[in-house]
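Protein sequences appear in the order of chains D and G. Mapping to our numbering: the first sequence position 43 is 43, numbers consecutive. Mapping to our numbering: the second sequence position 82 is 82, numbers consecutive.
If you are wondering where the hints come from, they were derived from the structure by calculation, not from laboratory data. Computed from a prediction, not measured in an experiment: that's the story for all the values here. A portion of the hints provided could be inaccurate.
[What the hints assert, rightly or not] Keeping only pairs whose Cα atoms sit at most 25 Å apart, straight-line, the calculated DSS-like set for lysine-lysine is:
id: 1; chain 1: G; residue 1: 31; chain 2: D; residue 2: 209
id: 2; chain 1: G; residue 1: 31; chain 2: D; residue 2: 167
id: 3; chain 1: D; residue 1: 167; chain 2: G; residue 2: 26
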Amino acid sequence: MSALVAELPALQVAVPLLTAPIVMLLRDRRLAWAAATAASFTAFAIAILLFDAIGTQGEMSYPMGAWPAPYGIELHVDAFSVMLLLIVTGASSTALLVAGASLDTEVPGERQHLLYSAWLLAMAGLNGIVVSGDAFNIFVFMEVSSLATYILVAGGPKRQALTAVFKYLVMGTIGATFYLIGVGLVYMMTGTLNLADMEQRIREVTDLKPILVAGGFITVGLALKAAVFPLHAWLPNTYTFAPHAVTVFIAACSTKVALYVLLRFDFFVFQGNLVDHEAQFSGFLLPLAILAVLVASSVALFERDLKRMLAYSSIAQIGYVLLGASLVSVTGLTASVVHMFNHALAKGGLFIAVACLAMRFSSLSLDSLAGAGRRMPLTMAGFVLAGASLVGVPGTAGFISKWYLVLAALERGLWGIGLVALVVAGSLMALAYLWRVVEVAYFTAPTVLEARAEAPWWMLATLWLPGLAGVYYGLNPDMPIELARLSAELLLRHLQ
Amino acid sequence: MDFLGLYNYWVFALLLSTGLYAVIAKANLVKKLIGIAIFQSAVFLLYITMDKVDGGTAPIIQAGAVDVIYSNPLPQVLILTAIVVGIATTALGLAIIVRISETYGTVEEDETQELDRE
Numbered sequence: 001m002s003a004l005v006a007e008l009p010a011l012q013v014a015v016p017l018l019t020a021p022i023v024m025l026l027r028d029r030r031l032a033w034a035a036a037t038a039a040s041f042t043a044f045a046i047a048i049l050l051f052d053a054i055g056t057q058g059e060m061s062y063p064m065g066a067w068p069a070p071y072g073i074e075l076h077v078d079a080f081s082v083m084l085l086l087i088v089t090g091a092s093s094t095a096l097l098v099a100g101a102s103l104d105t106e107v108p109g110e111r112q113h114l115l116y117s118a119w120l121l122a123m124a125g126l127n128g129i130v131v132s133g134d135a136f137n138i139f140v141f142m143e144v145s146s147l148a149t150y151i152l153v154a155g156g157p158k159r160q161a162l163t164a165v166f167k168y169l170v171m172g173t174i175g176a177t178f179y180l181i182g183v184g185l186v187y188m189m190t191g192t193l194n195l196a197d198m199e200q201r202i203r204e205v206t207d208l209k210p211i212l213v214a215g216g217f218i219t220v221g222l223a224l225k226a227a228v229f230p231l232h233a234w235l236p237n238t239y240t241f242a243p244h245a246v247t248v249f250i251a252a253c254s255t256k257v258a259l260y261v262l263l264r265f266d267f268f269v270f271q272g273n274l275v276d277h278e279a280q281f282s283g284f285l286l287p288l289a290i291l292a293v294l295v296a297s298s299v300a301l302f303e304r305d306l307k308r309m310l311a312y313s314s315i316a317q318i319g320y321v322l323l324g325a326s327l328v329s330v331t332g333l334t335a336s337v338v339h340m341f342n343h344a345l346a347k348g349g350l351f352i353a354v355a356c357l358a359m360r361f362s363s364l365s366l367d368s369l370a371g372a373g374r375r376m377p378l379t380m381a382g383f384v385l386a387g388a389s390l391v392g393v394p395g396t397a398g399f400i401s402k403w404y405l406v407l408a409a410l411e412r413g414l415w416g417i418g419l420v421a422l423v424v425a426g427s428l429m430a431l432a433y434l435w436r437v438v439e440v441a442y443f444t445a446p447t448v449l450e451a452r453a454e455a456p457w458w459m460l461a462t463l464w465l466p467g468l469a470g471v472y473y474g475l476n477p478d479m480p481i482e483l484a485r486l487s488a489e490l491l492l493r494h495l496q
Numbered sequence: 001m002d003f004l005g006l007y008n009y010w011v012f013a014l015l016l017s018t019g020l021y022a023v024i025a026k027a028n029l030v031k032k033l034i035g036i037a038i039f040q041s042a043v044f045l046l047y048i049t050m051d052k053v054d055g056g057t058a059p060i061i062q063a064g065a066v067d068v069i070y071s072n073p074l075p076q077v078l079i080l081t082a083i084v085v086g087i088a089t090t091a092l093g094l095a096i097i098v099r100i101s102e103t104y105g106t107v108e109e110d111e112t113q114e115l116d117r118e
């Protein structure tokens with residue numbers, strides 16, 4: 001068993017990567033779904049085993065092909081990566097549970113196996129980004145996951161999916177190329193690609209200007225990938241026109257993985273080496289985070305399409321994650337990391353509810369959802385539960401991360417109170433835009449009264465999974481908080 | 001400042017901005033993709049430039065050769081991978097453009113937006 005545990009970081013990537021071609025060869029959509037789901041749950045189990053292993057041994061390092069770091073490629077797993085692995089594999093597994101029924105309504109049966117194959121490649125890429133300790137490897141995995149995600153989004157039934165995905169492809173490629181320029185500049189000055197080694201070797205560099213430029217390129221490139229305001233233009237249409245199950249998957253994890261690389265580079269590699277890096281980091285990102293919360297929430301308030309409204313809400317939530325990070329304190333980063341986890345639960349739940357609604361409603365514009373509360377009571381109850389977590393109602397997971405965010409802001413003294421006001425205002429705006437859905441669903445009489453017709457029971461069961469997990473982690477937040485605190489301490493070790 | 005000695009880097013900057021300009025300014029999706037390709041090629045040039053060692057030769061070890069200066073092979077290997085990634089991106093982008101052309105009947109971005117507004 002212990003020998004197997006040592007191999008887990010590699011298996012985390014290898015299992016979905018190697019299952020992907022098998023899924024493509026299966027051709028039958030049911031078999032393909034079963035194989036993809038099995039691979040995804042295996043990856044989830046591996047992530048849980050890694051979580052367990054990290055609890056006992058702290059950090060894990062895996063030399064690929066037994067070439068020792070920094071010469072070979074090192075896989076590196078610590079508390080922060082485990083957090084992201086749990087989010088990615090958990091989101092993928094949950095989304096695949098609804099994908100079976102949901103994709104049937106959107107994608108022709110004979111093409112579904114290709115989509116499941118791309119799905120596994122996307123997950124393999126995201127897992128690879130998280131476990132890799134090598135800057136160039138991260139780039140390659142980033143492109144593996146992005147290319148697969150483009151295919152997934154392009155599978156959407158409406159023609160706007162194609163224009164949305166082209167925009168995503170262009171902006172995603174620019175982001176990845178910016179990252180590549182940054183990595184190239186650091187390599188030029190240090191001669192290494194291993195992140196831990198890079199951090200050591202930058203100290204010997206006398207002229208830090210190229211490193212500063214590299215920091216800029218990497219931060220902006222990854223901010224583009226993470227849809228940080230105002231680089232979010234690709235996100236709303238991508239989430240809106242992707243197949244519903246795909247939206248569940250990518251909304252829950254893909255932007256967070258880009259943020260993970262951003263935080264890892266800025267705090268691991270650059271923080272100890274660049275003078276006043278933390279001030280530049282927060283000076284650049286804090287205003288963007290504040291604007292993201294305010295602007296994206298306001299747009300969501302006036303959006304008529306349910307999916308697009310939730311997409312704008314995602315941009316606002318990325319703002320909260322950045323807000324915590326740009327406070328550069330243990331509490332702030334704890335809030336930031338724990339919010340990644342809680343937002344994945346809440347937004348995953350909301351988009352599953354959207355997938356359920358789409359099984360019975362032909363249009364997802366708010367006007368056409370009148371009477372949804374009576375027609376699909378269990379679905380709407382699940383929507384409200386996940387929505388409560390997004391707003392941050394006490395007793396749900398969302399409250400925990402907002403609470404930590406408020407604590408971190410108050411550590412900042414007087415002007416922190418302004419940030420508290422921002423968090424409160426953002427939450428009220430979230431309440432307002434979600435309330436519009438509740439109002440339409442429960443208090444507006446439908447034009448045509450239709451009989452009660454719920455989504456299939458297993459979709460409902462899957463919908464309640466993240467919803468109830470949100471309540472569970474709202475009442476017992478020890479696990480995510482502990483993991484987030486460990487991540488924050490890891491990230492901030494150069495500042496203490 | 002040795003302006004001419006750094007001319008590879010000037011070409012890199014020029015190509016990078018040319019590519020980025022094409023992506024932003026052109027409405028034709030194929031031209032946008034060409035812009036992306038130029039943009040990526042600029043980065044390939046950056047990597048290839050940094051691996052050049054003055055007087056260095058191709059990094060192939062030959063029997064009997066002593067005191068040979070080799071260029072750094074690692075960036076070349078990295079860029080080989082990045083070229084493959086670039087080809088995959090371009091291919092996927094072109095495939096999407098073909099689908100856009102089939103469903104919209106145009107590959108001009110403003111015209112597709114116009115059609116979606118209807």
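Each hint, compared with the structure:
Restraint check: the Cα-Cα separation between residue 31 (chain G) and residue 209 (chain D) comes to about 34 Å, which exceeds 25 Å; the hinted pair is violated. Between the alpha carbons of residue 31 (chain G) and residue 167 (chain D) the distance comes to roughly 13 Å, so the proposed pair stays at or under 25 Å and holds. At roughly 13 Å between alpha-carbon atoms, residue 167 (chain D) and residue 26 (chain G) fall within 25 Å of each other, so this suggested pair holds.
Comparing the model with each earlier hint shows a violation of hint 1 alone; every other hint is respected.
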